[in-house]
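K.L.:
If you read the sequences in order, they're chains Z and Y. Per the numbering used here: the first sequence = residues 1 to 394. Per the numbering used here: the second sequence = residues 1 to 401.
Think of the hints as simulated: they come from the structure by calculation, not from any bench. Hints are not guaranteed to be accurate.
Simulated crosslink set (DSS-like; lysine-lysine; CA at most 25 Å straight-line) [claimed, not checked]:
(1) Y:71 - Y:106
(2) Z:31 - Z:19
(3) Y:211 - Z:40
(4) Z:40 - Y:169
(5) Z:31 - Y:169
(6) Z:19 - Z:40
(7) Y:66 - Y:7
(8) Y:71 - Y:7
(9) Y:7 - Y:211
(10) Y:211 - Y:106
(11) Y:132 - Y:71
(12) Y:169 - Z:19
Beta-carbon label-pair distances, calculated as ranges [to be verified]:
(13) Z:75 - Y:65: 34 to 40 Å
(14) Y:325 - Z:75: 50 to 56 Å
(15) Y:55 - Z:255: 22 to 28 Å
(16) Y:62 - Z:23: 54 to 60 Å
Only a predicted model underlies this, so the values are computations on that prediction, with no experimental measurement involved. Note that the Cβ used here is the ideal one computed from N, Cα and C, for glycine as well.
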Amino acid sequence: MPDVALRDIAVGPSRHLVKFVEADGALWALKELPPRIARKEYSVLRQLEDLGLPAVRPAGLVLQPELGSAILVTRYLDGSWQYRRLFMRLPPNQPKHRARLFDAMASLLVELHRHGVFWGDCSLANTLFSRDGQILQAWLVDAETSEVHPTLSDGQRELDLQILVENVAAGMLDLAARLNRPPELSDTLIAEAQDIQNRYQQLWEILHTEPVFGFADRYRVEGTIRQLNDLGFAVEEVSLQPVSASPDKLRLNVAVGDRRYHAQHLRDLTGMDVGEGQARSLLGDLHTYQGQLCREAGHDVDESTAARLWVMEVATPTMHQAHAAVGYTGTAIQAYCDLLEVRWLLSERAGHDVGTDRALAALSRDVIPTDSAAKMAVVEIPTAPMPAIQLDDP
Amino acid sequence: MAEITIKNVFKRYGDGFPAVNDVSLDIADGEFMILVGPSGCGKSTLLRMIVGLEDISSGDMIIGGKRVNDKAPRDRNLAMVFQNYALYPHLSVFENIAFPLRLQGKHSNEEIRKLVNDAADTLELQEHLERKPSQLSGGQRQRVAMGRAIVRQADAFLFDEPLSNLDAKLRGQMRTEILRLQRRLGVTTVYVTHDQTEAMTLGDRVAVLKKGVLQQVASPRELYEQPVNLFVAGFIGSPPMNFIPAVLRDGRLELPFASIPARPEWTNVAGEGQLLITGIRPGSFEDASLVDPGKAGRGITFDVTVDVTEWLGNEQYAFVPYEAPTDIAAQLAELAHELDSEQMRTQLCVSLDPMSRVPAGGTATLWLDPSRIHLFDPKSGENLTRGSAMASSEPVASSNR
Numbered sequence: 001m002p003d004v005a006l007r008d009i010a011v012g013p014s015r016h017l018v019k020f021v022e023a024d025g026a027l028w029a030l031k032e033l034p035p036r037i038a039r040k041e042y043s044v045l046r047q048l049e050d051l052g053l054p055a056v057r058p059a060g061l062v063l064q065p066e067l068g069s070a071i072l073v074t075r076y077l078d079g080s081w082q083y084r085r086l087f088m089r090l091p092p093n094q095p096k097h098r099a100r101l102f103d104a105m106a107s108l109l110v111e112l113h114r115h116g117v118f119w120g121d122c123s124l125a126n127t128l129f130s131r132d133g134q135i136l137q138a139w140l141v142d143a144e145t146s147e148v149h150p151t152l153s154d155g156q157r158e159l160d161l162q163i164l165v166e167n168v169a170a171g172m173l174d175l176a177a178r179l180n181r182p183p184e185l186s187d188t189l190i191a192e193a194q195d196i197q198n199r200y201q202q203l204w205e206i207l208h209t210e211p212v213f214g215f216a217d218r219y220r221v222e223g224t225i226r227q228l229n230d231l232g233f234a235v236e237e238v239s240l241q242p243v244s245a246s247p248d249k250l251r252l253n254v255a256v257g258d259r260r261y262h263a264q265h266l267r268d269l270t271g272m273d274v275g276e277g278q279a280r281s282l283l284g285d286l287h288t289y290q291g292q293l294c295r296e297a298g299h300d301v302d303e304s305t306a307a308r309l310w311v312m313e314v315a316t317p318t319m320h321q322a323h324a325a326v327g328y329t330g331t332a333i334q335a336y337c338d339l340l341e342v343r344w345l346l347s348e349r350a351g352h353d354v355g356t357d358r359a360l361a362a363l364s365r366d367v368i369p370t371d372s373a374a375k376m377a378v379v380e381i382p383t384a385p386m387p388a389i390q391l392d393d394p
Numbered sequence: 001m002a003e004i005t006i007k008n009v010f011k012r013y014g015d016g017f018p019a020v021n022d023v024s025l026d027i028a029d030g031e032f033m034i035l036v037g038p039s040g041c042g043k044s045t046l047l048r049m050i051v052g053l054e055d056i057s058s059g060d061m062i063i064g065g066k067r068v069n070d071k072a073p074r075d076r077n078l079a080m081v082f083q084n085y086a087l088y089p090h091l092s093v094f095e096n097i098a099f100p101l102r103l104q105g106k107h108s109n110e111e112i113r114k115l116v117n118d119a120a121d122t123l124e125l126q127e128h129l130e131r132k133p134s135q136l137s138g139g140q141r142q143r144v145a146m147g148r149a150i151v152r153q154a155d156a157f158l159f160d161e162p163l164s165n166l167d168a169k170l171r172g173q174m175r176t177e178i179l180r181l182q183r184r185l186g187v188t189t190v191y192v193t194h195d196q197t198e199a200m201t202l203g204d205r206v207a208v209l210k211k212g213v214l215q216q217v218a219s220p221r222e223l224y225e226q227p228v229n230l231f232v233a234g235f236i237g238s239p240p241m242n243f244i245p246a247v248l249r250d251g252r253l254e255l256p257f258a259s260i261p262a263r264p265e266w267t268n269v270a271g272e273g274q275l276l277i278t279g280i281r282p283g284s285f286e287d288a289s290l291v292d293p294g295k296a297g298r299g300i301t302f303d304v305t306v307d308v309t310e311w312l313g314n315e316q317y318a319f320v321p322y323e324a325p326t327d328i329a330a331q332l333a334e335l336a337h338e339l340d341s342e343q344m345r346t347q348l349c350v351s352l353d354p355m356s357r358v359p360a361g362g363t364a365t366l367w368l369d370p371s372r373i374h375l376f377d378p379k380s381g382e383n384l385t386r387g388s389a390m391a392s393s394e395p396v397a398s399s400n401r
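Just chain Z, same shape as in the assembly (with noise of 0.2 Å):
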């Protein structure tokens, strides 16, 4: 343990401190907490490991009977910040970062409560984002509070929502005092917090609602499949039941696989293993360039052909010019994808397309817009070295 000046911050009494090591070239998240408790959490974090959850991952556990205290070790999770990071980093007021930030959350909210996890103390503190195309993804990292179950009821789902809320609120005020913002931004934030119950509630009907449609209107059944595509979920199995008191009716049961359609699909085509989100922009810059090579070719080009195409003269050229442009912070991927929103939006200001080198050019002299998803790199430029603190210092 180096010699460090510690400083005691004010938090709640439950909450455990948390030290970052690095060791075999790898950072390790290690929490100190009461042996039944670390138990609980390993085994809850194990658990949405398995379940294929965006939450931390559980790397061990350190009992130490002599001490009566456990050690939960964690792996750090890579290109992940903490919402504090990026609203410091951002102009004051800015209400589209921060529904991206409330999307996010209302999203992984829904992926655990359909795997039957309750969280019970789901708040921004406990939360990680990481950049994901125009999105961005929330990753759960405390799990003291989580318990696993086959489903959740009605009321759990509801509490837990409940729960979210207050803390989102709570978060966001107290984020906006230490910042100094005027306090009538108070009932705005309050109010987008509450909002992301809508979000939710959107969501989960989509993913559970059950159609009942005349046997003749079996092509709804397709327009329910889009929809949960179009969302980024793939469907793993369609089941259309008669309704028993009208034998002409079905009910279609859709069962919801993972939120990877995009990526599973650009993988397919590419190899390239790229988030739910990337893979959107990236399919959508793919079936550009396919539908020039189309009217280049004077025939119809197929998308596999296509998309070896695109890795080669486009993707990956494109992707390297995008980092530079970026100073090579972040990854390749996602400085692709910002270079591709950025052409996207300057090209709609200009009525026609500005081409990508006028998009490099802004992206490297960072005058995009300041709502812009690709804005939020700012979170990768990594915090600078902290001068130790001298306490001879006057």
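Please build the complex by placing chain Y on the supplied structure of chain Z, with the hints as guidance.
P.N.:
Leaving out everything else, chain Y in the frame of chain Z:
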């Protein structure tokens, strides 16, 4: 404020297993009720059914005279205390307490000010409302978290093992704060714990559960002195009650280490030659050389070989191994398993005066008041001498508090 009535409530899961099995319980307005038992006993499930987090398979949940089985959690007007400990460092203490009310959007600023001020009076935080949490002591910060529950004006407070992830020192402090708050507000409280110290110190009454079945609901003192069965007797009390095989024969109760003239309340409930389990609290024994002469005549004395002694300053324990018939030993091991206990059941634990000089490895003469002995049916576990054991007629020598 409200009373909570639980009527024949069942919780069955998909496989038909009843996690809560026909539980009926009346919690009076203002009462502090503890739900206690080892893990898997159904206590948390029962609490979650009160809050509305678990659907009720059958039976009635009645809060303040209204059946709430189908009501959503938020419509039950209950507060889960310490569900949310987090304090926000840049918000004032006032705002830390007020924000749940701001979120509800039902109150004017004036009403919020009054509710927060009233809660601050109750919690003795009035002078600190404009400060930041970092300027408060540990105990004051906990009270801020309680303030959040108070301002909701809930009909009842519910606690689900609130102290289980705190260290021992903080746990003690919080226990005191919770008790003080409950007494001051007089609000109906249901508190789930697996810790019998919390159960015994906090509750007006304690409900002991085992595998979903309610075993006994009584005051902490009654549970300690008049347990209905082996399970309750073994669960309540630390160190736990000793369970020793015995036989009634020729007018005497034969224990592995002593023979005691049978008392009428024993021969009334057990026959000649019947195998029994006796229950004797460690505090019912004394070092014979230190017994108050005024009561010495009431008890019997016998010699044992002491294996180990533990001297703790204000108390002292001696451990005496004994032989038990295999079937009884197996049953006691099963009981220890049900109680989540690792206690070796075929040794006697005796609480002695710290002044006692009983030597480890040597012989000691012990004194025992036979009126403090409970007799249990080995098959059903039922306490055969409940109500007749003299335990309640004199002060408990070694309180578990």
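K.L.:
Can you confirm whether the C-alpha distance between residue 211 of chain Y and residue 40 of chain Z stays at or below 25 Å?
P.N.:
holds, 21 Å
K.L.:
Holds or violated: are the alpha carbons of residue 71 of chain Y and residue 7 of chain Y at most 25 Å from each other?
P.N.:
holds, 16 Å
K.L.:
Does residue 40 of chain Z pair with residue 169 of chain Y here, judged by a C-alpha cut-off of 25 Å?
P.N.:
holds, 22 Å
K.L.:
Residue 132 of chain Y and residue 71 of chain Y were given as a pair; does the straight-line alpha-carbon distance stay at or below 25 Å?
P.N.:
Violated. Residue 132 of chain Y to residue 71 of chain Y sits at ~38 Å, over the 25 Å cutoff.
K.L.:
Return holds or violated for the Cβ distance of residue 55 of chain Y and residue 255 of chain Z against the range 22 to 28 Å.
P.N.:
Between residue 55 of chain Y and residue 255 of chain Z, where Cβ atoms are some 23 Å apart, the hint holds.
K.L.:
Taking only the CA atoms, is the gap from residue 19 of chain Z to residue 40 of chain Z under or equal to 25 Å?
P.N.:
holds, 20 Å
K.L.:
So does residue 75 of chain Z sit 34 to 40 Å from residue 65 of chain Y, Cβ to Cβ?
P.N.:
violated, 53 Å
K.L.:
Is residue 66 of chain Y close enough to residue 7 of chain Y, meaning Cα to Cα at most 25 Å?
P.N.:
Between residue 66 of chain Y and residue 7 of chain Y the Cα gap is close to 13 Å, so the pair holds against 25 Å.
K.L.:
Take the C-alpha atoms of residue 71 of chain Y and residue 106 of chain Y, compute the straight-line distance between them, and say whether it is at most 25 Å.
P.N.:
It holds: about 20 Å lies between the C-alpha atoms, which stays within 25 Å.
K.L.:
Starting from residue 211 of chain Y, check that the Cα of residue 106 of chain Y is at most 25 Å away, please.
P.N.:
Judged against 25 Å, a Cα distance of about 42 Å means the pair is violated.
K.L.:
Is it true that the CA of residue 31 of chain Z sits at most 25 Å from the CA of residue 19 of chain Z?
P.N.:
holds, 6 Å
K.L.:
Take a quick look at whether residue 169 of chain Y and residue 19 of chain Z sit within 25 Å of each other, Cα to Cα.
P.N.:
holds, 23 Å
Taken one by one, the earlier hints fail for this structure at numbers 10, 11, 13, listed in ascending order.
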